[in-house]
Amino acid sequence: MKLVITGNHAAAYAAKLCRPHVISAYPITPQTEVVEKLACMVADGELKSDFIKVESEHSAMAACIGASAAGSRSFTATSSQGLALMHEMLFWAANSRLPIVMINVNRAMAPPWTVWADQTDSLAQRDTGWMQFYCEDNQEILDTVIQAYKIAEKVSLPAMISLDAFFLSHTSEAVDVPPQADVDRFLPEFNPEYKLDINNPRAFGGLVTAEWYYEFRYKIHQAMQDAKREINTVGKEYAKSFGRKYSLIEPYKADDADFLFAASGSMVSVVRDAVDKLRKAQKKAGLIKMRTFRPFPKEELIKLVPGAKNLCVLDRNISLGNEGIFFTEIKAALANIKAKPMIYGFTAGLGGREVSVNDVMNIAKSIETHKAAEFNFYGLKK
Amino acid sequence: MNEIKFYGRGGQGAVVASIVLANAAFKEGKFVQAFPFYGVERRGAPVAAYTRIDTKPIRSRGQIKSPDIAVVLDPYLVTALNITSALKPGSTIVINSSKNIISFAKNFNVYICDATAIAVKRALGDRTNPIVNTTILGALSKATGIVKLESIISAMPEKVYVKLEENIEAAKEAYKTVKKI
Amino acid sequence: MKLTIPQQELVYSGNAACQGCAGLLAMRYCLKALGDKTIVVVPACCWTVLSGAFPATAFNVPMFHTAFETAASCACGVKAALRMQGKDDINVLAWAGDGGTFDIGIQALSGAAERNDDFIYVCYDNEAYMNTGIQRSSSTPYGAATSTTPSNMFKNEYKKDIDSILAAHNIPYMATASVAYPEDLIKKVQTANSIRGLKFIHIIAPCPPGWRYPSEKTIALSRLAVLTAVFPLYEVKDGKYTVRKTGDKKPVAEYIKHQGRFRHLKKEEIEYIQAETDKRFELLLKKEQLL
Amino acid sequence: MKRQKRHIKPSKRFKSHKDLPPMSVSSVPTSVNKTGGWRVLTPVIDYDKCISCMICWKFCPEICITAEDKPKIILEYCKGCGICAFECPKKAIKMIEAKG
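Chains as they are written, first to last, in our numbering: chain A, 1 to 382; chain B, 1001 to 1181; chain C, 2001 to 2291; chain D, 3001 to 3100.
Simulated from the structure, these hints should not be mistaken for laboratory data.
The reader is advised that the hints may include incorrect statements.
Calculated lysine to aspartate or glutamate pairs in the DMTMM-like style (CA-CA distance at most 20 Å, straight line) [as the list claims (entries may be wrong)]:
{"hint": "1", "chain 1": "D", "residue 1": "Lys3070", "chain 2": "C", "residue 2": "Asp2088"}
{"hint": "2", "chain 1": "D", "residue 1": "Lys3018", "chain 2": "A", "residue 2": "Glu215"}
{"hint": "3", "chain 1": "C", "residue 1": "Lys2257", "chain 2": "B", "residue 2": "Glu1028"}
{"hint": "4", "chain 1": "C", "residue 1": "Lys2032", "chain 2": "A", "residue 2": "Asp197"}
{"hint": "5", "chain 1": "C", "residue 1": "Lys2087", "chain 2": "A", "residue 2": "Glu193"}
{"hint": "6", "chain 1": "C", "residue 1": "Lys2002", "chain 2": "D", "residue 2": "Asp3069"}
{"hint": "7", "chain 1": "D", "residue 1": "Lys3015", "chain 2": "A", "residue 2": "Glu215"}
{"hint": "8", "chain 1": "D", "residue 1": "Lys3072", "chain 2": "C", "residue 2": "Glu2009"}
{"hint": "9", "chain 1": "D", "residue 1": "Lys3018", "chain 2": "A", "residue 2": "Asp226"}
{"hint": "10", "chain 1": "B", "residue 1": "Lys1099", "chain 2": "D", "residue 2": "Asp3069"}
{"hint": "11", "chain 1": "C", "residue 1": "Lys2032", "chain 2": "D", "residue 2": "Glu3097"}
{"hint": "12", "chain 1": "A", "residue 1": "Lys236", "chain 2": "A", "residue 2": "Asp258"}
{"hint": "13", "chain 1": "D", "residue 1": "Lys3094", "chain 2": "B", "residue 2": "Glu1158"}
{"hint": "14", "chain 1": "A", "residue 1": "Lys236", "chain 2": "A", "residue 2": "Asp226"}
{"hint": "15", "chain 1": "A", "residue 1": "Lys195", "chain 2": "C", "residue 2": "Glu2282"}
{"hint": "16", "chain 1": "B", "residue 1": "Lys1121", "chain 2": "D", "residue 2": "Glu3097"}
{"hint": "17", "chain 1": "C", "residue 1": "Lys2002", "chain 2": "D", "residue 2": "Glu3087"}
{"hint": "18", "chain 1": "C", "residue 1": "Lys2087", "chain 2": "A", "residue 2": "Asp197"}
{"hint": "19", "chain 1": "A", "residue 1": "Lys48", "chain 2": "C", "residue 2": "Asp2088"}
{"hint": "20", "chain 1": "C", "residue 1": "Lys2087", "chain 2": "A", "residue 2": "Glu189"}
{"hint": "21", "chain 1": "A", "residue 1": "Lys195", "chain 2": "C", "residue 2": "Glu2114"}
{"hint": "22", "chain 1": "D", "residue 1": "Lys3018", "chain 2": "A", "residue 2": "Glu211"}
{"hint": "23", "chain 1": "A", "residue 1": "Lys228", "chain 2": "C", "residue 2": "Asp2089"}
{"hint": "24", "chain 1": "A", "residue 1": "Lys381", "chain 2": "A", "residue 2": "Glu354"}
{"hint": "25", "chain 1": "C", "residue 1": "Lys2250", "chain 2": "C", "residue 2": "Glu2282"}
{"hint": "26", "chain 1": "D", "residue 1": "Lys3015", "chain 2": "A", "residue 2": "Glu211"}
{"hint": "27", "chain 1": "D", "residue 1": "Lys3034", "chain 2": "C", "residue 2": "Asp2036"}
{"hint": "28", "chain 1": "A", "residue 1": "Lys53", "chain 2": "C", "residue 2": "Glu2114"}
{"hint": "29", "chain 1": "A", "residue 1": "Lys219", "chain 2": "D", "residue 2": "Asp3019"}
{"hint": "30", "chain 1": "B", "residue 1": "Lys1065", "chain 2": "A", "residue 2": "Glu211"}
{"hint": "31", "chain 1": "D", "residue 1": "Lys3018", "chain 2": "A", "residue 2": "Glu193"}
{"hint": "32", "chain 1": "C", "residue 1": "Lys2002", "chain 2": "D", "residue 2": "Glu3068"}
{"hint": "33", "chain 1": "A", "residue 1": "Lys195", "chain 2": "D", "residue 2": "Glu3097"}
{"hint": "34", "chain 1": "C", "residue 1": "Lys2037", "chain 2": "A", "residue 2": "Asp197"}
{"hint": "35", "chain 1": "C", "residue 1": "Lys2257", "chain 2": "D", "residue 2": "Glu3087"}
If we take Cβ atoms under 8 Å as the criterion, some of the chain D residues that face chain B in the derived model are [to be verified]:
{"hint": "36", "residue": "Trp3038"}
{"hint": "37", "residue": "Leu3075"}
{"hint": "38", "residue": "Lys3079"}
{"hint": "39", "residue": "Pro3089"}
Don't be surprised by glycine CBs; every beta carbon is placed ideally from N, CA and C.
Isolated chain A (complex conformation) (with noise of 0.2 Å):
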């Protein structure tokens, strides 16, 4: 049934749809309506689940991470500062190929204060060993954490979904929630092969010298590739059960495209909007969106980019000293393709800062009267 929800409660209706044995997570703005709708859940009986209220982020994974070595499906949520005090345990929870699934609300890292929408975050935690996507709205934030459990439980990775803090989290928009039966049907019970098991007595995590640590590492490189394959299929058999269809990354207007943007995150519905703005100005502009940030799309985009004479890369994120993050990511991709665009970063929207369909004419504008710089500070003000 569609109900008007936030982008918290989306995730918290997707979560209670997964049937997560163990919820573990501790507060923080902007993700407080997700713990607190999945405590109402719990409270009402709505949903069969030990909610253990932790003291700090890092035992939130720790408890998510025994309870699914003990072979339950598991459930968190954070942003920002607390992401970044999970980062300890991101490494384990991924090393011990659990497939926790994770809401993190993009939220820009302090200090100055702040709790405005910022990929920084998410993105510094891009080689803990987690898929990670980057949701466009609320429907699609319901849709990928059912999907994630899947393809999550399958590759034996975690994975870790993104919204924009305000822009998602504590906005409301008709989201279509699906009806349990039919994610029991569509979503498998959580059955692993490796786990905490008395009839089993064995050791997880035991030293490692220089002999195997090195091909445990690739095992979860291949996982990682794998995980490309799997978020294909299990986005078309959403699309079979629920009529939506997702895929790593989602071309609009492409194909013939000679300005290809490329966004990610709540940014993307905008973009869409100039795209068809300069349609209509007879420009053939298309866009992007990257859904998937790991595993990395670098084969699906080389399809996608030939044709393009220039390519636009939208970040709200920076990594200091460097540039955007997705800029560098996709410019790495194309590397060594020969019919390449001439590829433009934006970083744009830090701490929350809005991005407009007019603000993405203006760099569009910007590049095809050769102003732009290869990688520029859209909006600062100089």
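Use these hints to put chains B, C and D onto chain A, whose structure you have.
What follows is chains B, C and D alone, placed relative to chain A:
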């Protein structure tokens, strides 16, 4: 370049031995490098330590696959770790042992010295865990000549903080009593 | 031949513990008490390494290696999962050293205690960061030399009173134990296992290389710690203190003289330790009468 | 004590990443590692003095003294810590200077 591997057990001082040896060679103007193999150091568990000595700057790091000199602080390790399999023919083995325990000594220069007796006589370490590192260095100096006994003695204070005199005497006695088989 | 403790062994020989390790004995006894329907969670500590490198394990029960701060939080997750799977009869044992309990893991432990999560948390306390080479922890006793408090600047702070901190959380059961009294230790672990909620057991675990004594004296020192009241044995069940009476206290010097980590102490420093020990033991006995 | 199962020496079990479990999962008992070589001193029981009180079995950290009528020391694993000799009420165990 000389590549020396010390075979010992946790607590016997193999790591300190590798450093004192490096210091000694350094005092003779050589380029040196000393490092332990970091694994599960537990009192009693097998431990390896390495020293490289050269006349020019040493650029390679990491474990020494086939040392030209092996120093064995615990005789039991010779068989337990199959030490000779890693040694090039013609290399030298100095063993803390009162009797020869290498059956095919012919393709190696094998020296033995009862370092445990020398050390325990001077209460270096305790009965369950004699510390033989400085003693065996005395034997190594005589057996290989890669460093003078005086250099070892002058290098000791930097790493030997307790019973310095007894350690020096033990090294001297080992220097005198080491025998080639 | 009558055994005074259960015969079942759930730890394997061939582990990498140092000669005379009390931490190894403590685990042997705890698993005797709990039996094979037990899952162990171990953070960074000596047991991380001594329990064997991949693919070997010294445990004959399932166990999970976790990060240093997370013994309590990870164990809490394991127990929650088991309960949701209808396997609430499986014991969960969080097994940490003093560093992982007194210092880096105290926040997670306090959270679990406040929530009264249902598992047993055992701290085997060898009074310093032994696995990393004997650095000082807040559990290191006053006067002790470690690699970070050398003898000319020995540890100046008294041992952190972790037991009172846990008792202040009003957990249902807490006890101290020593490997010199295995029957007492096993009875306390079994008592703890019969109670719902967060149970804390603090085991003194002398360490030959860390305390600098010959390995044969591990049991003797585990006994002297109790007889000198440096580490009195007692239980706190629903707030009620029960102290084990061991006759007249032996002088602290009896305990200290065997240990190289105290060799540098002057007479008045040992007297200070004796006075502090007496004062704290008096306080403990008062708690027994009052509470 | 039930015989610990014989297992292939750990290092021989894996050839490539394909043989590895997804993460470090250990099931080989550490009893494949014979720690007897760690000893400098070896305990020897004088069965004339031994009264089978099993205190040596009780206090052995390595679980390498058998709980039978007469305790026996499994030298494959004994690290020579000396606890049994030190704690034996009848002084029936001597630590001798040999691997035994």
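Results for each hint:
1. D:Lys3070 x C:Asp2088: Not OK: D:Lys3070 and C:Asp2088 at ~40 Å, beyond 20 Å, violated.
2. D:Lys3018 x A:Glu215: 9 Å, holds
3. C:Lys2257 x B:Glu1028: Outside the cut-off at roughly 43 Å; violated.
4. C:Lys2032 x A:Asp197: The hint holds at about 19 Å.
5. C:Lys2087 x A:Glu193: Holds, because 18 Å separates the two Cα atoms, which is no more than 20 Å.
6. C:Lys2002 x D:Asp3069: 9 Å, holds
7. D:Lys3015 x A:Glu215: The hint holds at about 10 Å.
8. D:Lys3072 x C:Glu2009: 16 Å, holds
9. D:Lys3018 x A:Asp226: This hinted pair holds, its Cα atoms lying about 15 Å apart.
10. B:Lys1099 x D:Asp3069: With Cα atoms ~39 Å apart, B:Lys1099 and D:Asp3069 exceed 20 Å; violated.
11. C:Lys2032 x D:Glu3097: Distance ~33 Å between C:Lys2032 and D:Glu3097 Cα, so the pair is violated.
12. A:Lys236 x A:Asp258: Violated. A:Lys236 to A:Asp258 sits at ~28 Å, over the 20 Å cutoff.
13. D:Lys3094 x B:Glu1158: 39 Å, violated
14. A:Lys236 x A:Asp226: 16 Å, holds
15. A:Lys195 x C:Glu2282: Distance of about 48 Å is beyond 20 Å: violated.
16. B:Lys1121 x D:Glu3097: 14 Å, holds
17. C:Lys2002 x D:Glu3087: This hinted pair holds, its Cα atoms lying about 18 Å apart.
18. C:Lys2087 x A:Asp197: 11 Å, holds
19. A:Lys48 x C:Asp2088: 16 Å, holds
20. C:Lys2087 x A:Glu189: Roughly 17 Å between the alpha carbons, so the hint for C:Lys2087 and A:Glu189 holds.
21. A:Lys195 x C:Glu2114: Roughly 28 Å separates the two Cα atoms, so the pair is violated.
22. D:Lys3018 x A:Glu211: Holds, because 14 Å separates the two Cα atoms, which is no more than 20 Å.
23. A:Lys228 x C:Asp2089: 40 Å, violated
24. A:Lys381 x A:Glu354: Holds, because 14 Å separates the two Cα atoms, which is no more than 20 Å.
25. C:Lys2250 x C:Glu2282: Given that 20 Å is the threshold and the Cα spacing comes to 15 Å, the pair holds.
26. D:Lys3015 x A:Glu211: 11 Å, holds
27. D:Lys3034 x C:Asp2036: Outside the cut-off at roughly 24 Å; violated.
28. A:Lys53 x C:Glu2114: 10 Å, holds
29. A:Lys219 x D:Asp3019: With a Cα-Cα distance of about 11 Å, the restraint between A:Lys219 and D:Asp3019 holds, given a limit of 20 Å.
30. B:Lys1065 x A:Glu211: 15 Å, holds
31. D:Lys3018 x A:Glu193: With a Cα-Cα distance of about 16 Å, the restraint between D:Lys3018 and A:Glu193 holds, given a limit of 20 Å.
32. C:Lys2002 x D:Glu3068: Satisfied, since the Cα-Cα distance of roughly 10 Å is no more than 20 Å.
33. A:Lys195 x D:Glu3097: This hinted pair is violated, its Cα atoms lying about 46 Å apart.
34. C:Lys2037 x A:Asp197: 9 Å, holds
35. C:Lys2257 x D:Glu3087: The given pair, whose Cα atoms are some 19 Å apart, holds under the 20 Å limit.
36. Trp3038: 3 Å, holds
37. Leu3075: Check failed: Cβ of D:Leu3075 comes no nearer than 13 Å to chain B, outside 8 Å.
38. Lys3079: With a minimum Cβ separation of about 6 Å from chain B (threshold 8 Å), the hint on D:Lys3079 holds.
39. Pro3089: Given a least distance of 21 Å, the restraint on D:Pro3089 is violated.
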